[in-house]
Structure formats: C-alpha cells, structure tokens
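Dock chain B against the given chain A, drawing on the hints supplied.
Protein chains in written order, with my numbering: chain A, 1 to 129; chain B, 1 to 432.
Among the hints, a few may not be true.
As the list claims (entries may be wrong) - Estimated spans, in silico, between C-beta atoms of each pair:
#	chain 1	residue 1	chain 2	residue 2	range
1	A	E114	B	G321	33 to 43 Å
2	B	R168	A	E109	25 to 35 Å
3	B	D176	A	M1	44 to 54 Å
Said to hold, decoys possible - Stretches of chain B that chain A covers, calculated by requiring three or more beta carbons in the stretch to come under 8 Å of a beta carbon on chain A:
#	segment
4	40–46
5	83–93
To be verified - Restricting the straight-line Cα-Cα distance to at most 25 Å, the calculated cross-link-like pairs of lysine-lysine (DSS-like) are:
#	chain 1	residue 1	chain 2	residue 2
6	B	K139	B	K32
7	B	K27	B	K413
8	A	K5	B	K204
9	B	K139	A	K57
To be clear, the hints were calculated from the coordinates, so they are not data collected in a lab. In this text, a Cβ means the ideal position worked out from N, Cα and C, and glycines have one as well.
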Amino acid sequence: MKRIKAVLITGRSYSQGMGIEFGKLSQQYRRIMNYCEMNEEDMKEIGVTAGSLVKLKSRRGELVLKTARPLQEVPRGVVFVPYGPWINKIIDEETHSTGMPSLKGIEVEIEPAEEHRAEGREEGGERLE
Amino acid sequence: MSEVRDVVCPFCGCLCDDLVILVEEGKIAGVKNGCALSITKYLNYNRERISKPMVRKNGELEETSLEEAVNRAAELLANADYPVSYGWSNTSCEAIATGIELMEEVGGVIDNTSVVCHGPSVLGVHEVGHPTCTLGEIKNRADLIIYWASNPLQSHPRHLSRYTVMARGKFRKSRDERTLIVVDVRKTYTARVADYFIQIQPGKDYELLSALRTAVRGEELEQEEVAGVKREHIEEVADLLISCEFGVLFWGVGLTMTGGKYRNIDLAISLVRDLNAYTKFVMMPMRGHYNVVGANAVFTWQTGYPYAVDFSHGYPRYNPGETSVTDILVRGEADAALIVASDPASNFPRKAVEHLSRIPVVLIDPRWTSTTDIAEVVIPTAMLGIEVEGTAYRMDGVPIHMKKVINPPDGLKPDVEILRMILDRIRAMRGG
Numbered sequence: 001m002k003r004i005k006a007v008l009i010t011g012r013s014y015s016q017g018m019g020i021e022f023g024k025l026s027q028q029y030r031r032i033m034n035y036c037e038m039n040e041e042d043m044k045e046i047g048v049t050a051g052s053l054v055k056l057k058s059r060r061g062e063l064v065l066k067t068a069r070p071l072q073e074v075p076r077g078v079v080f081v082p083y084g085p086w087i088n089k090i091i092d093e094e095t096h097s098t099g100m101p102s103l104k105g106i107e108v109e110i111e112p113a114e115e116h117r118a119e120g121r122e123e124g125g126e127r128l129e
Numbered sequence: 001m002s003e004v005r006d007v008v009c010p011f012c013g014c015l016c017d018d019l020v021i022l023v024e025e026g027k028i029a030g031v032k033n034g035c036a037l038s039i040t041k042y043l044n045y046n047r048e049r050i051s052k053p054m055v056r057k058n059g060e061l062e063e064t065s066l067e068e069a070v071n072r073a074a075e076l077l078a079n080a081d082y083p084v085s086y087g088w089s090n091t092s093c094e095a096i097a098t099g100i101e102l103m104e105e106v107g108g109v110i111d112n113t114s115v116v117c118h119g120p121s122v123l124g125v126h127e128v129g130h131p132t133c134t135l136g137e138i139k140n141r142a143d144l145i146i147y148w149a150s151n152p153l154q155s156h157p158r159h160l161s162r163y164t165v166m167a168r169g170k171f172r173k174s175r176d177e178r179t180l181i182v183v184d185v186r187k188t189y190t191a192r193v194a195d196y197f198i199q200i201q202p203g204k205d206y207e208l209l210s211a212l213r214t215a216v217r218g219e220e221l222e223q224e225e226v227a228g229v230k231r232e233h234i235e236e237v238a239d240l241l242i243s244c245e246f247g248v249l250f251w252g253v254g255l256t257m258t259g260g261k262y263r264n265i266d267l268a269i270s271l272v273r274d275l276n277a278y279t280k281f282v283m284m285p286m287r288g289h290y291n292v293v294g295a296n297a298v299f300t301w302q303t304g305y306p307y308a309v310d311f312s313h314g315y316p317r318y319n320p321g322e323t324s325v326t327d328i329l330v331r332g333e334a335d336a337a338l339i340v341a342s343d344p345a346s347n348f349p350r351k352a353v354e355h356l357s358r359i360p361v362v363l364i365d366p367r368w369t370s371t372t373d374i375a376e377v378v379i380p381t382a383m384l385g386i387e388v389e390g391t392a393y394r395m396d397g398v399p400i401h402m403k404k405v406i407n408p409p410d411g412l413k414p415d416v417e418i419l420r421m422i423l424d425r426i427r428a429m430r431g432g
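One chain only, chain A, in its complex shape (with noise of 0.2 Å):
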C-alpha cells in the first residue's frame, strides 16, 4: 500500500468554531470536524481523491479520516485537520516542559484506508466555508 510522510497541522476554521456552537454533541459537529486537507499532488501520490478514507498515523495512535479538497491551499507534505476531539487522540502530550503539547508540526505517515468505511467511518468531510 502507498504511504506517504507528513506533517500533520492542527488549526481553527469557520466550520470548527460554529460547529462548536452547533453543539458538540450534534451530528453537524461531527460531520464539520471529521476531516483531513491534503494537497492534491499528495493524494495522488498515495491514489486517493476527495472524500476517500486515510488513515494519520502518529507516534501516539492513529486515526482514519475523510480527506477534503483544501480551502486554503495546503503545500506538498503538510496534512491539515480541524482542532477538536478527534485528532487531540493522536497528537503528542510531550509539553517539553512547557504545558502546552505539540499541535503543530507532528510527524505522520498517512496512507488510503477505504477499507474502513463498512464500518461507518466515513461520516465527516463537511465545510461551511
């Protein structure tokens, strides 16, 4: 299987924010968060195509994901995901002495992962930009 190393940017977006004051609980919040931005050269790379499932994997878990056109261009071996519940589960808790985690610049391997979507995990990819 193709895979690619990234690095992995976590950050606020329109969606994100209001999806917050949707409700957490609710499934517009789920479906608004629960996504990658890729470049398009790096989905190539790897054979998939907006709104196919990746998996991220960090050195502290990893994680599957539906993958959306970018917005805001994303450059060649960066992966975007919006600040929230799901990807906190794979992001370093190393503070290095500072309290605040690293959720930013983390080092990821991503790689197709549509094998997951009989299990309902394709919920997500959803923007209100």
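Below, chain B without anything else, positioned relative to chain A:
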C-alpha cells in the same frame, strides 16, 4: 420586537462591542453587525443546554437539587489530596476570582486555557517583556500589519475590519494606506488579501525570524533561502518593516504550538525590539477565547502568576511543565478536578483525558460536551454576555462590561454564584 444595542460578543478575543441583538418574546431573534461565528453563537446558544444539576449514581448522571450538587462538589474537592481546576476563559473575571479563592482553600492547582494556546507566549514575554498598545492605537495609526501564523479571517473574523487593514482610523483611513504581511504555512484566506504573503515551511518560524533579524540589522544573509523563503524576499520584507511609521506584529498559536514554543516568541520579541531602533513597532498575541486575557489578568493579580498556579504548598507556585494541568494529568497525579466553562475531554491529548476520566470531575458549564460524559457532578449555568452580565478582557488587555441580553432559563445561576456556594460549603465543612 425589541433591540438591545452595544452588546459585547462572547466568542473571541476581539470582544466586538457594537452588536445589536433583536429580542422577541424573551428569545433572541436576530443579530446585527456580528460575524458568522457571533451570529451562530447567538442563534444556537440554547442548543444542548443542561437544564438541571446532575450527580452520577450507579454510573449514570441523575438530576438532583442544586444544594445536593453543590454539597457533592464541595466534598469531592475538599477531600482530594491534589485537586486541579481548568477552564476559566469563557466566564467572567468575577467567577475567575472566586475560583482562585476556592482552589487556594482546597490546596489545589488552578490553570486556564492559555496552557494550550498562548501559554508559551506568556513564557516568552516573561523573559524580556514586550512592546504593545491598544487595538484603538493600531486602528488609528498602524501602517504596517503582520499576521504571523494567524488566520484571523477564520478565527477572529472582524479583526481586520475593526482594528487593522480595513478599519477607518483617525490617521489611516483606507486599505491603501496600510500594508498587510501574512506569514503562514498555508495560503489561508487572510493570506489571499495580503500585500505580501510569505509561505514558510512548517516548524521553521525560528529560522525565518532569525533571518529577518539579520536583514533588519543590515547584516548579510549567507543562505539563498531560509525556511523556504528566498533571500531577496526576506530582505525586501525587512526593508518594509524598517521603513513603516507604525508597525504591529500579531502572532497566532502557529508560533506557540510548534517546535521551539516560547523560544519562537522570545525571538519575535527580539525582532520587534530591533525594529524599534528604526521605527515604532508593537506586538500582540491573537487571543482566542473571549476572556482568556481576563483569566491571565485575574490569576496574576491574585497569585502573581498568569496560569498553572499550584497552591498545594500553602502558597502560590508556578512552573509550567510541572504545575500545568496538562502535565499533571498526563503524569496521573491529580485525584479530583473542577472544570469551569471548558471541555478538556475534547481538547486535551488522549493520555490526559484518560486520567481525567479516572478521577471525580466537577463540571460547571452551560452545555453538554464530551466532558459531561466523564463528570461526577454537573452544575449548569447561565451564559455570560447573553443571560448574565460580568467583566471580560479584550485581547489588548482592555476590560469590557459584558451585557445581559435576555433572562436565563429558570433555576440557572451565573458561574460566580455557584462557585461561591461551593466555597462557602467547603468552609462550613471545615468549621470556618
């Protein structure tokens, strides 16, 4: 339908104070002047509200009286050896002050959300201080604005139009009188409206700040390219910085959450200090939660420290990395938690959440979140800036009175009253 004017928005650190809220039959029917985030907040604030206090019995949350919930919260916190408290950036300064008194009483740790946003900025500022000013001065005077690792068109949507490039100031009246520089890994929406966009490689902020300092000081850059940015571009931007009349560097959590953390801020401060040899230059962190600056301010008045304050020795101690709630939870040391107006079960790393779910959690929050699922005691509250009034601090440190717009649902009290009830109960239990 009635209008409530000059309402202050309780979403981000901009604290926009010009909203008009339309009220019909005691409910919010519309919002004028708000951004998409603000409008969404006002029109959905009542979704997923918790209506009654709850206590966990046999593994399930059951509705109970406020008195029983307060008693249970007081017992859990008073009987713990090393309780921690976290949140505090989405509530009033009055509630924060009471919370600090409470955690001092029980000899615990109190921390606020800066620990996972601009905590490293605070640490950087500790080193040498930083030149800053109010947003009003920037609106009226700044002719060069930098957003470094910040995307305000998504996170603080009215920042540009109220305070910077698109604001009509006293001395800078139009967009063409100001230069906008954006430094980011991604070509963000804010980058698209910039005059100069510097696309930096991820995690290379320290390198680019160093290169800019070199160029600003008139020294020659040896490398052709630094952090993915060509030498000519760096020198061109350095010339712009030197030649402006009033510059401002706004920085986002892109500088604090990546490698280097507070050292990035230290270097950004050094760059601004260097620039002040040539011109007027100030800087300001783009604070997220609407009262996170208030949390830092009230913590500092009362304890001497802005966050991560440990009272377990009987006096305030501050050593982020040791006394920060994130680290304490990861190390598995806390044996009870008081969470106020926050959702750490969503926002903390997995290992911290795992420990939080093993200890009794007292949650004071208006809405259901992932943290409700792991709480032992849940006490719902009225919302500041919508249902109750209080004080919050804008990102530039200006305190602003948050208005009440409508009445809260029956039985819901402000955070400050609930915290006072818990504190009084703990003191009564201890014979005080």
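To see whether the hints hold, each was checked on the structure:
no.	hint	verdict
1	E114/A to G321/B: 33 to 43 Å	holds, 41 Å
2	R168/B to E109/A: 25 to 35 Å	violated, 49 Å
3	D176/B to M1/A: 44 to 54 Å	holds, 52 Å
4	40–46	holds (count 4)
5	83–93	violated (count 0)
6	K139/B to K32/B	holds, 22 Å
7	K27/B to K413/B	holds, 18 Å
8	K5/A to K204/B	holds, 18 Å
9	K139/B to K57/A	violated, 44 Å
Going down the numbered hints, you'll see the structure goes against 2, 5 and 9, while the others check out.
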